[in-house]
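Trainee: Just need the whole structure built from these sequences, with the hints factored in.
With the first letter of the sequence shown counted as 1, position 545 gets the number 545 in full-length UniProt numbering; the numbers rise by one all the way through.
No lab work stands behind these hints: they were computed from the structure. A virtual CB, placed ideally from N, CA and C, is assigned to each residue, including glycine. Fair warning: there could be bad hints in the mix.
[Said to hold, decoys possible] With beta-carbon atoms standing in for the labels, derived distance ranges: (1) GLU589 - GLY370: 30 to 40 Å; (2) LYS534 - ASP491: 20 to 30 Å; (3) GLU589 - PRO304: 27 to 37 Å; (4) ASP298 - GLU589: 17 to 27 Å; (5) PRO304 - PHE251: 50 to 60 Å; (6) THR477 - ASP586: 45 to 55 Å; (7) GLY130 - GLY306: 49 to 59 Å; (8) THR206 - LEU56: 55 to 65 Å; (9) GLN596 - GLU423: 39 to 49 Å; (10) PRO369 - SER309: 15 to 25 Å.
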Amino acid sequence: MNRGRARTTLVAVPLVVFAVAGLLAPLIAPADPTANDLAAGLASPSAEHLLGTDQLGRDQLSRLLYGAQISLAITAAVLAISLTAGAVVGTVAGYAGGWVDRVVSRVIDVVVSLPGMLVALAVIGVRGPGVDNLILALALWSWAPYARIARARVAGMRGSPHLDALRLLGAGRGRIVGRHLLPLALGPCLVYASTDVGTVVLAVATLSFLGLGVAPPSAEWGQMLIEGRPFLASAWWLAYPPGVAITAVVFASNLLGERLAAGAERPSIIRLVRPGRIRRATRSAASPDPGTVLRVRDLSVTYPDGGASRRVVAGMSYEVRRGQVLAFVGETGSGKTTAALAPFGLLDPSATVTGSALLGAHELIGLAPGARRRINGRRVGVVFQDSGAFLNPLRTIGAHVDEAVRNAGRGGRRAATRRVSGELLRLAGLPDPLAVARQFPHQLSGGMRQRAQIAIALAGEPELLVADEPTSALDATVQAQLLDLLARLRDELGMAMIIVSHDLVVVSRVADTVAVVYGGRIVESGPATDLIDKPDHPYTRGLLDAVPRPRTAPGTRFRTMPGLAGGGPDDLAGCGFAPRCPLRQDSCEHEPPALQPLLPATAHRSACLHPPTREGSC
Numbered sequence: 001m002n003r004g005r006a007r008t009t010l011v012a013v014p015l016v017v018f019a020v021a022g023l024l025a026p027l028i029a030p031a032d033p034t035a036n037d038l039a040a041g042l043a044s045p046s047a048e049h050l051l052g053t054d055q056l057g058r059d060q061l062s063r064l065l066y067g068a069q070i071s072l073a074i075t076a077a078v079l080a081i082s083l084t085a086g087a088v089v090g091t092v093a094g095y096a097g098g099w100v101d102r103v104v105s106r107v108i109d110v111v112v113s114l115p116g117m118l119v120a121l122a123v124i125g126v127r128g129p130g131v132d133n134l135i136l137a138l139a140l141w142s143w144a145p146y147a148r149i150a151r152a153r154v155a156g157m158r159g160s161p162h163l164d165a166l167r168l169l170g171a172g173r174g175r176i177v178g179r180h181l182l183p184l185a186l187g188p189c190l191v192y193a194s195t196d197v198g199t200v201v202l203a204v205a206t207l208s209f210l211g212l213g214v215a216p217p218s219a220e221w222g223q224m225l226i227e228g229r230p231f232l233a234s235a236w237w238l239a240y241p242p243g244v245a246i247t248a249v250v251f252a253s254n255l256l257g258e259r260l261a262a263g264a265e266r267p268s269i270i271r272l273v274r275p276g277r278i279r280r281a282t283r284s285a286a287s288p289d290p291g292t293v294l295r296v297r298d299l300s301v302t303y304p305d306g307g308a309s310r311r312v313v314a315g316m317s318y319e320v321r322r323g324q325v326l327a328f329v330g331e332t333g334s335g336k337t338t339a340a341l342a343p344f345g346l347l348d349p350s351a352t353v354t355g356s357a358l359l360g361a362h363e364l365i366g367l368a369p370g371a372r373r374r375i376n377g378r379r380v381g382v383v384f385q386d387s388g389a390f391l392n393p394l395r396t397i398g399a400h401v402d403e404a405v406r407n408a409g410r411g412g413r414r415a416a417t418r419r420v421s422g423e424l425l426r427l428a429g430l431p432d433p434l435a436v437a438r439q440f441p442h443q444l445s446g447g448m449r450q451r452a453q454i455a456i457a458l459a460g461e462p463e464l465l466v467a468d469e470p471t472s473a474l475d476a477t478v479q480a481q482l483l484d485l486l487a488r489l490r491d492e493l494g495m496a497m498i499i500v501s502h503d504l505v506v507v508s509r510v511a512d513t514v515a516v517v518y519g520g521r522i523v524e525s526g527p528a529t530d531l532i533d534k535p536d537h538p539y540t541r542g543l544l545d546a547v548p549r550p551r552t553a554p555g556t557r558f559r560t561m562p563g564l565a566g567g568g569p570d571d572l573a574g575c576g577f578a579p580r581c582p583l584r585q586d587s588c589e590h591e592p593p594a595l596q597p598l599l600p601a602t603a604h605r606s607a608c609l610h611p612p613t614r615e616g617s618c
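Mentor: Here it is in structure tokens:
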């Protein structure tokens with residue numbers, strides 16, 4: 001046992017001792033805690049009565065043990081109700097957002113601001129004393145902090161790639177909340193509950209001390225303090241043992257909570273919801289062009305901007321055929337990721353997507369959530385850029401892949417699901433699938449996490465795989481290996497692929513077609529070899545010039561483009577690249593260029609009014 005765990009165990013000893021003693025009270029208590037013997041009243045501690053007797057001759061040790069049972073049982077009931085209600089309410093509010101989140105947040109603020117003991121007194125004053133009413137009163141006081149903690153934990157994940165991935169895999173809202181978000185929220189809630197044990201024990205004792213809690217003759221620590229108060233000077237053994245017990249439990253729970261909050265130990269979260277089975281979507285056999293997997297026409301994406309709206313993608317059209325790879329290339333903020341993910345509903349809910357996106361014969365734009373879940377994760381798989389955010393840190397790699405397999409309808413019994421998961425991990429190039437399946441995401445390298453993502457994306461045997469900058473955070477060797485893996489999967493499985501990248505040269509090794517994106521528009525597109533060998537648009541040339549050359553002399557400065565990217569398609573009246581273009585002319589400032597073929601009957605197209613290849617320059 002390491003030193004941190006030993007200290008945590010030592011801190012928890014008083015709490016554990018009293019909890020065990022309360023559970024075993026019927027077996028280890030030397031006498032009936034309610035049995036009166038007036039002849040033995042106020043007897044001092046002795047061999048017969050280790051902690052003496054009270055004024056009615058009842059054995060104090062027995063009453064202390066049964067008091068632990070009652071006090072801690074009430075505390076456990078209060079914490080179970082408060083933690084469950086608070087975690088569920090906070091998780092739902094944090095995930096739902098909008099007016100639901102605002103209303104729940106205001107209610108939480110009001111409840112937290114009220115003095116807890118006054119709330120408990122008000123409830124008991126209306127309903128009367130008793131154990132049931134005591135538990136209800138303390139639960140109404142205690143649930144709000146848990147709701148606030150859960151909401152804060154979940155709200156920060158509302159737009160995370162991890163949730164996007166779950167929606168892509170076809171998980172419904174109930175499954176996302178119950179299986180993925182609620183366990184994450186329970187972690188910090190359990191840490192807070194460890195500190196709340198002492199607070200609730202003290203509250204139970206206080207209300208019983210005031211005559212509003214556990215009624216006599218039941219043994220309860222607060223009730224024992226009431227009965228021992230008149231005899232403080234003559235019979236110390238009546239009040240001191242329950243006082244010491246309350247103090248020990250309060251301090252132990254607070255110290256344990258501090259250690260857990262500091263990260264010395266983390267409570268384990270068990271799975272609360274068994275994974276459900278989601279039916280596999282039926283694939284349409286009727287398609288306008290059996291060879292075309294995805295056809296997008298006039299795609300536009302708009303976000304609210306203050307009281308107005310702002311387009312980030314305007315009029316994009318592209319298609320990808322079975323067994324081919326389309327690469328979107330551009331700088332950060334160019335709109336390439338938005339253009340790739342928009343057809344599948346993977347953008348922020350505030351985005352407005354218009355145009356047409358046909359997956360086979362199915363229109364994706366405006367698709368209902370239920371119908372989208374039957375497509376995402378089955379006919380379409382996605383590999384996100386940040387594998388650390390995509391993967392749940394509390395679940396093993398095998399659990400991730402197992403869930404994807406079950407969602408895709410390829411599972412069955414546990415052994416069958418595990419067998420399919422192992423095949424997927426092996427297909428993704430992981431050398432020891434059984435060992436990898438038992439590991440957590442933080443135990444894998446970046447390249448292995450990306451391969452695990454690929455295995456998850458392949459669970460539904462998709463027709464189309466979308467990879468959003470899958471190699472951007474990896475070194476050159478691992479980049480090459482992953483690109484080779486994607487190319488092999490393309491060839492073996494006959495899938496269509498969309499790869500998003502900022503590096504034109506890197507993706508050219510696997511891409512069949514490239515679309516260069518700038519300012520929310522495609523500025524050049526065509527076969528990858530044509531764009532590399534004969535780039536037409538000045539922006540495409542700038543991207544190629546920014547790539548280091550192997551035989552460049554030391555000290556040679558890279559060719560760079562002036563200015564910064566990030567403008568939207570509606571920010572300028574003319575060409576969006578004009579402010580940075582070394583070849584711009586007056587007409588570029590006012591006339592928007594159209595994406596046109598360089599030659600008749602060619603797939604190579606460019607949106608430039610004065611391209612260097614047609615002007616005879618450079």
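Trainee: Hint by hint, which ones does the structure fall short of?
Mentor: Per hint list: 1, 8 violated.
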